[in-house]
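Trainee: Sequence:
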Amino acid sequence: MPAARNIAFLASDMALAQEAKARLGAVYGDFPPEEADVIVALGGDGFMLQTLHGTQALDAPVYGMNRGTIGFLMNEYAEEGLIGRLEAAEETVINPLRMKATTAEGTTTEALAINEVSLLRAGPQAARLAIYVDDRLRMEELVCDGVMVSTPAGSTAYNYSAHGPILPIGADVLAVTAVAAYRPRRWRGALLPKDAEVRFEVMNPGKRPVMADADSRSVADAVIVEVRSEPEIRHRLLFDPGHGLEERLIQEQFV
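Everything in the sequence shown is counted per the working numbering, starting at 2 for the first residue and increasing by one.
Any given hint might turn out to be false.
Ranges between beta-carbon positions, derived for each pair [what the hints assert, rightly or not]:
id	residue 1	residue 2	range
1	Q254	A27	35 to 43 Å
2	Q19	E91	22 to 30 Å
3	P232	L192	16 to 24 Å
4	Y183	G55	16 to 24 Å
5	T70	W188	28 to 36 Å
6	R249	G30	28 to 36 Å
7	A131	E106	16 to 24 Å
8	E36	P194	32 to 40 Å
9	T109	G207	14 to 22 Å
10	G207	E80	51 to 59 Å
11	G26	E231	31 to 39 Å
Mimicking EDC-like on lysine to aspartate or glutamate, the simulated pairs with C-alpha atoms at most 20 Å apart in a straight line are [what the hints assert, rightly or not]:
id	residue 1	residue 2
12	K22	E81
13	K101	D222
14	K208	E141
No lab work stands behind these hints, which were simulated from the structure alone. It should be emphasised that the depicted structure is a prediction, and the values quoted were computed from it without experimental measurement. For each residue, glycine too, the CB sits at the ideal point set by N, CA and C.
Working from the sequences, and respecting the hints, build out all of it.
Mentor: Below, the structure is given as structure tokens:
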């Protein structure tokens, strides 16, 4: 990226991240995000998602440094040479998902998800769901603990834990992955075009309630959940050369 003159440092509430923000700000200066050429996020993957959501209206790219745990979306932390790292960084652009969840009472909630939109059973019994793709019924009944639609960027998160596929970051596809599917017992999910619109309809929601979630924004008692990619929103992430998101997605498949 071009020379980073103004840097905004954002940190999670963890002491390690707050201490890093104070030290880095003293060395490089610390501007408000609205005035920054680049935003440096200090924390873990959860804080990176929070930062991307909070700054999506800004044009500045986000460069993460790991002050959390896993740090899949983060670069290694180092205080020295930050300007050079920012100037050499490679950019990856990702689009979020838009969730529209309607409850039994008729209220509707919309939220964005960078990783995945998930539906999870909210009671002792498995959820029963019908799946539509572009208004065409594709599965009359999925009995499961849950199901999700994942972006390539989120395919190594909850999706991978549920045995879903890892998607190359440039792939124009979405992954639909079930959590503990009971029927069809051997259903392994589906890959859909990025512009597909997926609708889940909850069957017997009074007896089998379902919660919908988009990057930790949850909607209880959902009866219809619609999911589609949001191409108008572009999140710009920066990674050190050779350690970008695509390389990490490939590496994750060989460990």
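Trainee: Next step is simple, just say for each hint if it's right about the structure.
Mentor: Comparing the hints with the structure gives:
1. Q254 <-> A27: 35 to 43 Å: holds, 40 Å
2. Q19 <-> E91: 22 to 30 Å: Roughly 28 Å apart at Cβ, these two residues keep to the hinted range, so it holds.
3. P232 <-> L192: 16 to 24 Å: The hint (16 to 24 Å, Cβ to Cβ) holds, given that P232 and L192 are roughly 18 Å apart.
4. Y183 <-> G55: 16 to 24 Å: violated, 38 Å
5. T70 <-> W188: 28 to 36 Å: holds, 32 Å
6. R249 <-> G30: 28 to 36 Å: holds, 30 Å
7. A131 <-> E106: 16 to 24 Å: holds, 20 Å
8. E36 <-> P194: 32 to 40 Å: For P194 against E36, whose Cβ atoms are near 39 Å apart, the range 32 to 40 Å holds.
9. T109 <-> G207: 14 to 22 Å: holds, 19 Å
10. G207 <-> E80: 51 to 59 Å: Since G207 and E80 have Cβ atoms about 56 Å apart, the given range 51 to 59 Å holds.
11. G26 <-> E231: 31 to 39 Å: Since G26 and E231 have Cβ atoms about 33 Å apart, the given range 31 to 39 Å holds.
12. K22 <-> E81: Judged against 20 Å, a Cα distance of about 13 Å means the pair holds.
13. K101 <-> D222: This hinted pair holds, its Cα atoms lying about 13 Å apart.
14. K208 <-> E141: Holds. K208 to E141 sits at ~18 Å (cutoff 20 Å).
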